[in-house]
Every structure is written in C-alpha cells, then in structure tokens.
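These are the residues of each chain, in order.
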Amino acid sequence: MKNAVVSLLAVLFGLIAGALLMAVTGSNPVTGYTYLFEGGLKSIERIGNTLATATPLIFTGLSVAFAFRTGLFNIGASGQMLFGGFCATFVGLTLDLPKAILVPIVVVVGFVAGALWAFLPGLLKAKFNVHEVVSTIMLNWTAYWVVYNVVPAYLKGSYETESRPLPVNAQLRMGWLSDLFGGSYINLGIFLGVLAVIAIAYIIDRTTLGYEMKAVGFNRHAAEFAGMAVGRNIVLAMVISGGLAGLGGVAQYMGNAINIQIGHLPNQGFDGIAVALLGANNPYGVLLAAVFFGLLYSGRGYMNAMVGIPPEISDTIIAIIIYFAATSILIERLISRLLRKRREKRDANAESGGA
Amino acid sequence: MEHIVEMLGIRKEFPGIVANDNVTLQLRRGEIHALLGENGAGKSTLMGILFGMYQPDAGVIKIRGKETKISNPNVANDLGIGMVHQHFKLVHNFTVTENIILGNEPRKGLLYDTKSAGRRIAELSKQYGLNVDPDAKIEDISVGMQQRVEILKMLYREAEVLIFDEPTAVLTPQEIRDLMDIMKSLKAEGKSIILITHKLKEIKAVADRCTVIRRGKRIGTVDVAATSEAEMAKMMVGRDVSFTVDKAEIEAGETVLRIDSLTVLNNKKVPGLKSFSLEVRRGEIVGIAGVEGNGQTELVEALTGLRKPESGTIWFNGQDITRYPVRRRIESGIAHIPEDRQKRGLVLDYTVEENMILEVYYRQPYARRGLLQRKEIRGHAERIIRDFDVRAGEGAASKARSLSGGNQQKAIIGREVELDPLLLIAVQPTRGLDVGSIEYIHKRLVEQRNKGKAVLLVSLELDEILGLSDRIAVLNNGELIGIVSAAETNENEIGLMMAGIGKEAASR
Amino acid sequence: MWQLISGIFPYAILYTIPLLITALGGLFSERSGVVNIGLEGLMVMGMFSSAFTIIQLQSVVPNLALWIGLLAGMAAGMLFSLLHAFASINLSANQVISGTAINMMAGAITLFLARNITGSGNIRIQRGFTPNEVPVLSDIPILGKLFFTNAYVTTLVILLILVLSSFVLYKTPFGLRLRACGENPQAAEAAGINVRRMRYIGVLISGAFAALGGAVIIVTYSGEFNGSAAGLGFLALAALIFGQWRPFGVLGATFFFGFASTVANVSQVIPELKVIPPVILQTFPYVVTLIALIMFSKSSQAPRAAGEPFDSGKR
Chain Y
13 MKNAVVSLLA VLFGLIAGAL LMAVTGSNPV TGYTYLFEGG LKSIERIGNT
63 LATATPLIFT GLSVAFAFRT GLFNIGASGQ MLFGGFCATF VGLTLDLPKA
113 ILVPIVVVVG FVAGALWAFL PGLLKAKFNV HEVVSTIMLN WTAYWVVYNV
163 VPAYLKGSYE TESRPLPVNA QLRMGWLSDL FGGSYINLGI FLGVLAVIAI
213 AYIIDRTTLG YEMKAVGFNR HAAEFAGMAV GRNIVLAMVI SGGLAGLGGV
263 AQYMGNAINI QIGHLPNQGF DGIAVALLGA NNPYGVLLAA VFFGLLYSGR
313 GYMNAMVGIP PEISDTIIAI IIYFAATSIL IERLISRLLR KRREKRDANA
363 ESGGA
Chain F
222 MEHIVEMLGI RKEFPGIVAN DNVTLQLRRG EIHALLGENG AGKSTLMGIL
272 FGMYQPDAGV IKIRGKETKI SNPNVANDLG IGMVHQHFKL VHNFTVTENI
322 ILGNEPRKGL LYDTKSAGRR IAELSKQYGL NVDPDAKIED ISVGMQQRVE
372 ILKMLYREAE VLIFDEPTAV LTPQEIRDLM DIMKSLKAEG KSIILITHKL
422 KEIKAVADRC TVIRRGKRIG TVDVAATSEA EMAKMMVGRD VSFTVDKAEI
472 EAGETVLRID SLTVLNNKKV PGLKSFSLEV RRGEIVGIAG VEGNGQTELV
522 EALTGLRKPE SGTIWFNGQD ITRYPVRRRI ESGIAHIPED RQKRGLVLDY
572 TVEENMILEV YYRQPYARRG LLQRKEIRGH AERIIRDFDV RAGEGAASKA
622 RSLSGGNQQK AIIGREVELD PLLLIAVQPT RGLDVGSIEY IHKRLVEQRN
672 KGKAVLLVSL ELDEILGLSD RIAVLNNGEL IGIVSAAETN ENEIGLMMAG
722 IGKEAASR
Chain C
358 MWQLISGIFP YAILYTIPLL ITALGGLFSE RSGVVNIGLE GLMVMGMFSS
408 AFTIIQLQSV VPNLALWIGL LAGMAAGMLF SLLHAFASIN LSANQVISGT
458 AINMMAGAIT LFLARNITGS GNIRIQRGFT PNEVPVLSDI PILGKLFFTN
508 AYVTTLVILL ILVLSSFVLY KTPFGLRLRA CGENPQAAEA AGINVRRMRY
558 IGVLISGAFA ALGGAVIIVT YSGEFNGSAA GLGFLALAAL IFGQWRPFGV
608 LGATFFFGFA STVANVSQVI PELKVIPPVI LQTFPYVVTL IALIMFSKSS
658 QAPRAAGEPF DSGKR
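Top to bottom, those sequences are chains Y, F and C.
For the first sequence, the numbering used here gives the first residue as 13, with consecutive numbering after it.
For the second sequence, the numbering used here gives the first residue as 222, with consecutive numbering after it.
For the third sequence, the numbering used here gives the first residue as 358, with consecutive numbering after it.
So that you can see chain Y by itself, here it is in the shape it has in the complex:
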C-alpha cells in the first residue's frame, strides 16, 4: 500500500516538474498536458497506439523487476531486447510458414535469444561474482555492434540502416485487431504482455521457484545456509529476465514496427528500469506504470505538433519521476510527518475535549 502511495506521489512530482519546465521555456503547461494526454487517448486509434507503445515497456519492466527480486540489476534489458528482436526478425525473414505457426516460433526465438544474452552475465555473477551492472552494459554494446554489422550484410532493406520489412506471416499485427482500433499498430504483443504479467506474478507469489528467488534476493547467505542453490537461481533469474526483455524486442520490431533499425540501442531497455521502479517491482504495478509511460510517449508527437513543445519533455518527466521514486525515502518521511501531525492534532483534541 505504502509503495503505491509513494509511486503516485512520485508521478505527481514528476508531472509538476514537467509543468515547470514547460513554463520556464515559454509554453503553457495546461495546454501542453492537455495535448499530451489527448495525443494518447483522443481516439480509439490513439488508444491502440498507446497500448502498443506500452507493450515493450511491460516486458522490459517485468524483466528488470524480476531480476531485481533476486537482487540483480539487469541494466542489459536494452541489449537483450535488441538481440531477442534481432534473432526473431532474422527467423521471421528466413522461414516461410503459415502465420499460425511462424508467429509462435518467432516469439519463442525472441525469448530464447534474449535469455541467452542474459545468460552470460548471470553465469559470470554466479561463478565469479562479476557485477552484473558492468557485464550487462558491455553486452548491450556488443549486441549493438552485432546488429550494426549483420543487418546490412544479410537482411538489408531499402536503406543501409534498416532491415527488410517482415512478411505478414511473421508479424504480430493482425488485421482484425488493427481494424478494431481504427487502424492503429496495436498487435498481439499487448496480449502477450498481459499474459506475461499474470504468469510472472504467479511465479513470484505462488511457486517454490519464486520463493527461492526472493530468498536469494533478500539474503543470499541465508539462502545458501538453507541449502538453496544460489548460483543456479542467479543464472535462472537472469535468463528469465533476459527472455522477457527479448519478448519486448519481438513486440517492438515485429509488432509496433515491422523492421529493425541499426545504430540504435532501444530506449525501452532503460525505461524498463523506470517502469520497474515505479511499479515497485510488482508485476501489476509494472503493467500500470508501463501503460502510463506508454501514454506519455505516444502523446508527445501530437503535443509537439500542436504547441511545439519538444517531445523530450516526456523523457524528462519520466526521468524526474524516477529520481523521486529512487529517493522515495523523502516522500516516505513527508508522509510520516504528515501522519504524525494529524495524530498529534487528534490526540490534542481528544485530551482537551475528553477531559
């Protein structure tokens, strides 16, 4: 409960800071925010796009949150997403199968590729205690360069910097779904995302696997003492985390877009950290946070077009929200001070009234 309040307050402070920034640079915050939210919600098509934008964030948010529960910082969601999406795209462009078969295959490929990319940092942490922050960052850039070289060499599209577009059979887009949402690029990814949220929540709360992972995350010494295989849990947590990020890549490059660009480390990887933090590492919190961020991102183009506020305002607001969420103790102190003042006032009233 306390977590939810802290997150909401962090969002509030972030929005206020964004408003200040808009005002300071000569724009009207009210119109700014109006257009921002309209941009994401005004029509059924826009709503679809918002959900689609949120989908990779759901996955990367789950990825970071899951790893965090085991005490690991997965800063490599970007690279895992890129590599997962890349491998899935490769398969999608290479195999020619009916959609009902190909789509599940590419989804699995995306998961496995992302999982593989996180396996090495997990192993290094378990065996050599190499800090996963640095190892995952190294792999981020390795993925970047792999894609940079392989896509133009084997998958080149109309430009040097991007791949061929995916055939319809490999895409996550479905005709009826896009029509339902007025032509938006919403796709199967959102359903996968919600399923993932439910699955991860179940694993964390109800299974022995979740119990072990949380124990390792809270206190690996006690976990070791009790006979849990700490190393194996670390690797497993990273692998699942990487797989989730890989699914985010599938959602992004085979649903939201239908090709993959080079020279770009997907932002959603780092945003996943923000989503996980705001969602308090809880799968349902992650879902809510991801949708909210999706809204901020999908509406900013409209806002920019209507009142000229640079789209980076959304990035800024999100970053500030994160800062407040990270320093949540400040908010907690504020809350407890307010509560204490209210209690003191109530006690004073009781004494003067009762006696």
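In case anyone wonders, no lab produced these hints; they're calculated from the structure.
For clarity, every value in this text was computed on a predicted model and none was experimentally measured.
In this text, a Cβ means the ideal position worked out from N, Cα and C, and glycines have one as well.
Warning: the hint list may mix true and false statements.
[As the list claims (entries may be wrong)] Under the rule of at most 25 Å between Cα atoms (straight-line distance), these lysine to any residue pairs were calculated in the SDA-like manner:
1. F:K620 / Y:L342
2. F:K620 / F:L569
3. F:K358 / C:Q601
4. F:K290 / F:K438
5. F:K620 / C:N451
6. F:K490 / C:M652
7. Y:K139 / C:G664
8. F:K358 / C:S654
9. F:K490 / F:I362
10. F:K620 / F:F609
11. Y:K54 / Y:T219
12. F:K564 / C:V453
13. F:K438 / F:T448
14. Y:K139 / F:E531
15. Y:K14 / F:L332
16. F:K672 / F:Q649
17. F:K529 / C:A587
18. F:K420 / F:E379
19. F:K564 / F:R590
20. F:K529 / F:R548
21. F:K529 / C:M652
22. F:K490 / Y:A241
23. F:K455 / F:G626
24. F:K438 / F:Y275
25. Y:K14 / F:S623
26. F:K489 / C:S654
27. F:K489 / Y:F140
28. F:K489 / Y:H233
29. F:K620 / Y:M318
30. C:K631 / C:G664
31. Y:K139 / F:Y275
32. F:K455 / F:E470
33. C:K528 / F:L332
34. Y:K168 / C:S624
35. F:K664 / F:R502
[What the hints assert, rightly or not] Restraint-style ranges between C-beta atoms, simulated for each label pair:
36. Y:T106 / C:S363: 44 to 52 Å
37. C:I633 / Y:A112: 17 to 25 Å
38. F:L332 / Y:I347: 35 to 43 Å
39. Y:V180 / C:Q625: 35 to 43 Å
40. Y:G187 / C:R661: 25 to 33 Å
Given the coordinates of chain Y, work out where chains F and C should sit on it, guided by the hints.
Just chains F and C now, with coordinates in the frame of chain Y:
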C-alpha cells in the same frame, strides 16, 4: 575525590526504544570503573554519547568539572577521551601508522608525515609493552594485535580517559590476563578507565567500582571489592540468577558423527582447520571450545556443506557425507543453528512463516508440484511459535525483522528442532541475548540431548561450554589440542588448552 | 607498420583523454564510497553546457570561449551531480538506481533544452582547439612523433590533472581520509572525519571530471552536441575496474580502450586490417573488459564500502 567525567541524567531515545533513561555515571580520576549490563541494556549507547558519536536527548556531561557538549569524536579526542571499540574501527589495507594518524595527521607541507608518527608510535608501543609494528598492514596482523593498535590510537592522542567496549570477546584467557595487566599499568600512569562488559569475573579482577545498567536505567553503583558476583548479577538481571544448568547424567548412545582428519582452508587459502578428528554420539553434548578464529568457523562450514574440505572425511549416520551439498546433509538429518542469526539464520524481509520453511519449502506438505501450500506453511509456523515461546507481534505473519533478537533465535531453534534432526549443530546460540532467553535456550538444548539427539555446541563463552557439555574438545590454531570430560575439568585447564598448551602440561 | 602506428596514435590519445578524465571522476567518487554510474549522463551534461556556452561566446571572444566553455561544463556537471550526492548520501537511496536516474535526466533535459534552442537538438560550435606541435618535446625520437606532434592543449591539462590526482590521493591527508571513507566509513567517522562531507566532495569531483570529459570531446574531435555520449561513460566505469581504482592503472586501461576503439574505427581504411571483420574490432573493448572482469574478480581492489549507504553510528 574529584570526578574527571560526569554523565548526569542522560536520556537517549532511538525509534521505538529508550536506550538510556536518566542514567548517571561518575568516573573518578585514576580509577577503573566498570559499566555492567546485559546485552542491549544501553551500555554502548551511553559510551557512544561520551565519545561524541551520539547526542543525548537530555542530560549534562561534565569533563573535569566543566559542562561540555561533545558533538563528535574529534571533540572527545581533544578532551582527552579515547575509545577502544568492540568492533575495531580499522581500515584493513592501511598500515598501523596510517590508521593511528587518520584524522589527525602530522603535516609536512601538503603531505602527511608517516615517518615521525611511526617513531612516536614505536616509542609508545615500547613504553606500554604493546609490541606493535608501525608499518604492518592491518589485514596482515592478528586480532589481538589489532586491539592493541586501537589502544595505541588512544595513547597517541594522549587520551586520559580510556573507554574499553567489551574488549575480551576476541582474546584467549591468557590474553585477557595480559589486557588486565595493561589496564593496571595504564591506571598506574594516571589514566582513568571505563570498562564496558557483561563479564563478572573481569570486573572482579580489575575494576574499582561498578555501575550497573538494566534496560536503559541505572540500577546502582557499587564498590567491587565489597560486592559479590552473585549480587552484581542480581542487579544486572533483576532476579536471582542460577549459574548452573540442570543436567542429568545419561548414557551416550552410538556414534552418529565421525570426523576423520579433516583439513579445511580458510579465506586466506591457508589451513584453518588441521587434521581434525572427533566423534559425537547420540544423547551427548560435545562442546567445541576455543578463541574466535581458531578453526571453529571452518569446522562448522565443512560439517554443514558451506565449505569444501581439503582432505579428510566426515561420516554421518553410516554415510560418507564429505562431498554432499548442503541440502542433502539437511535431508540426512543435520540441523544447524548458525552463529549469525541475521545473516545466515533468517531472511529478515520474509515473514516468520516464510522463514520457518526455509529448508523444507520444496517438500510435501509445504509444496505440491512446485506450488506453495499456504495452509500447511501457516500451521507449521504456528506450531513453532507456540512450542518455542516465540513472541511476534502479528504471529506467523510478522516480518522476521520486527522480532527481538531473543525471539528470532528462539524461532530459529524451533525451526531446526522441528526438522527432527539426528545431529544438531549449535554455534553461539545465545550470543547477544538476555539472561531469560539464554536460560530457555540452554534448557531446550539439554532437552534435545536427553531425547537422544547428538548435539555439537560451538561457543566462545567458556561458562556455557562447561555448563552444557558432556565432553569438550578444544581448538587452538586449527588443531585439536585435546578432548576432556566436562565433569573432570575446569576453566584453567581449558584456558591453557585454548592457548595451545597440551592436556598433559595443563593438568600438571 | 610504423606509419600505421604513428598515424593512429594521435587519434587514440584523442579518444582516450575524455575517457580518462571521466574515469578519474568515477575513481574519486567510488574511493569515497559512492558508486556513480551516472557518469554517462554527466558527460552529456558537460557536452551540452560547454557547447551552449561556447556558441554564446565564440563570436565575441573566440579564443577564450573554448576555455570558458570547459569551465562552464565542469560547473554544470558539479551542480548536476549534487542530485546524485543528495540521493545517495543524505537519503541512502540505492546508488545504482540514482545513477541511472541521473543518466536519464541528463539525456532528456539537455535534449529538451537543445531543441528549444536549435530545433534539431544538435548544437554545433564554430571551431574547437587545433592540434599543435609541442616545442622541444616533439623532437624526442619515437616518443616525440607519437605523443607530441599532433597534441591538443586539453590533453596536457588532463594529464596534469591525472598526476595531481594521484598525488592528492596517496600523499595528502585529504586523500588518506577520502580512501578511509571508501574502505571503512565507520573507522573514518570514529577518527573524527565527516564522512558525508567527504563523500559529497567525491561525488562533486566526479561530476566535474565527467562533465569535463564530455566538454573535451566537444572542443577536440566532435564539435557537436547531439544528446549522446555513445556509451563512453559506461566504458569509463569499465576502465575504472580494469585499472583497479588506481589513477595510473586507469590511465593504462583507458589508453588500451582508446587504442582498440581507434583501430576499430580506421580498420576499413587500412589494407592490413581490412581482413578482420569489423564487428570483432568494434566489440573488442567490451569483450576484453568482460575477460578482465573475470580475471580481476578474485583479487579485486574495489573500495570495500563503495555502494553501501553510510549508516552513521552503526556498529
């Protein structure tokens, strides 16, 4: 007779607890004044205030008759107050000299000057017989020497008031006697000493007066020579304390644990346990005595599977378990009450019920096909809470963090006993607990032994070992010095063995 | 071969220097006990502030503008790092998360402000420092050709800072106390040192140095702010670990990275190197770092208390 330090009416609160409640302490010049109290009574907090690490919420401090505010350790140092902490405040990869001059460095232009400081340190070391090498790195010297570095720190800053916080936990009986001698020579040179301790013997050996603290309140100040240990204990605890444990004589049964020439490397890749052999039988308590750091940790970790031995074998209940992983040993019937309950024993952020299944969560009935069975888990925890007198605010749903140290320990013991083990390994089971909890835990350990379990007790408190054990094995420097029957030995003999002198020499 | 090496060297140094000063900043921060993975964002902050300052001044005081730009960059970095310092030291926030927030905020705010200024979000300065021959030193056989013929003045400044840093860290009381705060803050506190203040200083230095690193990029080889430091801030972190938290170790590590990256960049133009698939050269620094991390894992000299919030009075 003037007082060099007066702490009058001191009050200090931390969230949820009043650590010091109107406490008064007066230290006379040139005396050794003991501050006696149970673990958690508030002694360290009081001295933390004197040393400038905390600020009192109320009360007055007078140094040499003048009222002063001690806002940080530097101020305390300037006033001539120095402190040897229970947990040494030394930087591991600095030299002795660098540690001593830290915060007070002699300058040569922009640089700090280790040469002149080193000379002065060597002089002081010689003057007080401390035998410390100024250029050695802290991580390379022994614990006893590290403590003497802490003493040197105070002398280097020309402290007149020296505070010792539980200094003897890490020393052999002989080193304790040496420390007592050092204190007496400091007193002879005009220093005034406050000795924080819960050990009555040491107070009797060296202190002039003693102030007793219980639950944050001052109970009284007595003249040590005129007061018996029993009387001081009664003031400390609030009731009559029995020093002996009720233990009936029973016949030990078959051997369940046989350790054969076990050699285990420590963290420095050097043998911490050397060719150790021991047998433990049903229905007996075997105590492992020794000063901290003499191989006990390596022994326990090798027995429980947390560390791989270099050579040797461990036989348990007819099987060679030397290479078994931790979980398999637990499944074979070994339970372990760990030395550090917060680090190893519990997941503090889990609830009590989640902690109670830490070793068995994957088994029926607590899990079926990978899914946790909440009802059975709750029932298990409630049983332990009831049977082992665990006080927890919200019962099985309380977060482990919210329990007191004593209750955390009782929960751990309950959990381990409920495993119905063949061998129960208890390491420092009563560390940091109040007397009531200590008595309770001792009773349960004896109960397990009476039921026919094998109990291996590792403890740094000699009284505990002597009171509970049937047989005692003594470790020194990783080697087994000897095994004696508890009924036929005494503290002196064990003390000598702990220092490495063999059994035959000890009983001569 | 010699032509190759002496041709590459100036570029390698060019690439190394910003990395070096950034890594030094990280060194001071971690030595004081605060992990700062926001180096990337602080570099971006430095890039933005220096580029912005320079374009304001470059027509008015063309020569001075660059130096003022560097100083402005440092100041901006210091101010921005206060956010990290406050969160990590006063609020005991998780330092990795706080550092990530810094990266995100710096990236976002600078681009936002830049767009307001130039519309495209890129800020280009008219001209930066020009490389020159260093008198006397450039006549030294071999070394002269390698290091002193195409040298930037900023290189000299940064190397000076390196030497000063090493001196301060190991020979002065300040350095002794700083290191104590990173190894055992409880011991430092008991010795009367204000650990919080020390850590603030450590973080502020990291802010200034990392921003300086970004600013140096602008005035030497880039000339343009575009919102990204291309991962150099993270590479600096790797260099810090590789260099085992020692100033001259970091020099070696960053030079190694600089050299490797330069080789990767020019490989396609050089016939001998063309045969190596570019992806190998491009990922070379990262893979090597991973290997180094494994090798150093057992004997790591990381400051023991780095990353742990300081709990005053904890026993």
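Each hint tested on the structure:
1. Between K620 of chain F and L342 of chain Y, the direct Cα distance comes to roughly 23 Å. Compliance with the 25 Å bound is thereby established for this hinted pair.
2. Proximity of K620 of chain F to L569 of chain F is assessed by CA-CA distance (about 7 Å); at most 25 Å being required, the pair is judged to hold.
3. Restraint check for K358 of chain F and Q601 of chain C: the C-alpha separation of about 19 Å stays at or below 25 Å, so the hint holds.
4. The hinted pair formed by K290 of chain F and K438 of chain F meets the criterion: a straight-line CA distance of about 22 Å does not exceed 25 Å.
5. Distance check on the hinted pair: K620 of chain F and N451 of chain C sit about 22 Å apart at the alpha-carbon level, within 25 Å; holds.
6. A threshold of 25 Å between alpha carbons decides the hint, and for K490 of chain F with M652 of chain C the separation of about 18 Å falls inside it, so the pair holds.
7. A threshold of 25 Å between alpha carbons decides the hint, and for K139 of chain Y with G664 of chain C the separation of about 21 Å falls inside it, so the pair holds.
8. Between K358 of chain F and S654 of chain C, the direct Cα distance comes to roughly 22 Å. Compliance with the 25 Å bound is thereby established for this hinted pair.
9. A C-alpha spacing of about 16 Å is found between K490 of chain F and I362 of chain F, which places the hinted pair at or below 25 Å, so the restraint holds.
10. Proximity of K620 of chain F to F609 of chain F is assessed by CA-CA distance (about 17 Å); at most 25 Å being required, the pair is judged to hold.
11. At roughly 41 Å between alpha-carbon atoms, K54 of chain Y and T219 of chain Y are farther apart than 25 Å, so this suggested pair is violated.
12. Of the supplied pair hints, the one linking K564 of chain F and V453 of chain C holds, its CA atoms being roughly 23 Å apart against a limit of 25 Å.
13. For the proposed pair K438 of chain F and T448 of chain F, the alpha carbon gap of about 20 Å is at most 25 Å, so the pair holds.
14. Among the hinted pairs, K139 of chain Y with E531 of chain F is consistent with the structure: their alpha-carbon atoms are about 20 Å apart, no more than 25 Å.
15. The straight-line distance between the Cα atoms of K14 of chain Y and L332 of chain F is roughly 51 Å, outside the 25 Å bound, and the hint therefore fails.
16. Restraint check for K672 of chain F and Q649 of chain F: satisfied, since their Cα atoms lie roughly 21 Å apart, inside the 25 Å limit.
17. Only pairs whose Cα atoms come within 25 Å are accepted, and K529 of chain F paired with A587 of chain C is rejected, the gap being roughly 45 Å.
18. Pair hint K420 of chain F plus E379 of chain F does not hold up; C-alpha atoms about 28 Å apart against a cutoff of 25 Å.
19. Proposed proximity of K564 of chain F and R590 of chain F is contradicted: the alpha carbons are some 30 Å apart, above 25 Å.
20. Annotation: proposed proximity of K529 of chain F to R548 of chain F holds, straight-line Cα distance about 14 Å (limit 25 Å).
21. Restraint check for K529 of chain F and M652 of chain C: satisfied, since their Cα atoms lie roughly 22 Å apart, inside the 25 Å limit.
22. Proposed proximity of K490 of chain F and A241 of chain Y is supported: the alpha carbons are some 23 Å apart, at most 25 Å.
23. At roughly 22 Å between alpha-carbon atoms, K455 of chain F and G626 of chain F fall within 25 Å of each other, so this suggested pair holds.
24. Distance hint between K438 of chain F and Y275 of chain F is fulfilled; the C-alpha atoms sit about 18 Å from each other, no more than 25 Å.
25. A threshold of 25 Å between alpha carbons decides the hint, and for K14 of chain Y with S623 of chain F the separation of about 18 Å falls inside it, so the pair holds.
26. Simply put, K489 of chain F and S654 of chain C have alpha-carbon atoms about 15 Å apart, close enough for the 25 Å limit, and the pair holds.
27. Distance hint between K489 of chain F and F140 of chain Y is fulfilled; the C-alpha atoms sit about 17 Å from each other, no more than 25 Å.
28. The hinted pair formed by K489 of chain F and H233 of chain Y meets the criterion: a straight-line CA distance of about 20 Å does not exceed 25 Å.
29. Between K620 of chain F and M318 of chain Y, the direct Cα distance comes to roughly 52 Å. Violation of the 25 Å bound is thereby established for this hinted pair.
30. Taking the CA atoms of K631 of chain C and G664 of chain C, the gap is near 43 Å; set against the 25 Å cutoff, the hint is violated.
31. Between K139 of chain Y and Y275 of chain F the alpha-carbon distance is near 42 Å, which puts this suggested pair outside the 25 Å criterion.
32. This hinted pair does not check out: K455 of chain F and E470 of chain F have alpha carbons roughly 29 Å apart, beyond 25 Å.
33. For the hint linking K528 of chain C to L332 of chain F, the alpha-carbon distance of about 5 Å falls within 25 Å, and the restraint holds.
34. For the given pair, K168 of chain Y sits about 22 Å from S624 of chain C by alpha-carbon distance, which is consistent with the 25 Å threshold.
35. As the CA atoms of K664 of chain F and R502 of chain F are separated by approximately 19 Å, the hinted pair is consistent with the 25 Å bound.
36. Here the CB-CB span from T106 of chain Y to S363 of chain C is close to 46 Å, well matched to the stated 44 to 52 Å.
37. Checking the proposed 17 to 25 Å range against I633 of chain C and A112 of chain Y shows it is violated: the Cβ atoms sit about 43 Å from each other.
38. Checked against the given bound of 35 to 43 Å, the beta carbons of L332 of chain F and I347 of chain Y, roughly 50 Å apart, lie outside it.
39. V180 of chain Y and Q625 of chain C have their C-beta atoms about 37 Å apart, which keeps the hinted 35 to 43 Å range intact.
40. A hinted range of 25 to 33 Å is violated for the C-beta pair G187 of chain Y and R661 of chain C, which are about 60 Å apart.
Checked against the numbered hints listed earlier, the structure breaks hints 11, 15, 17, 18, 19, 29, 30, 31, 32, 37, 38 and 40; every other hint is satisfied.
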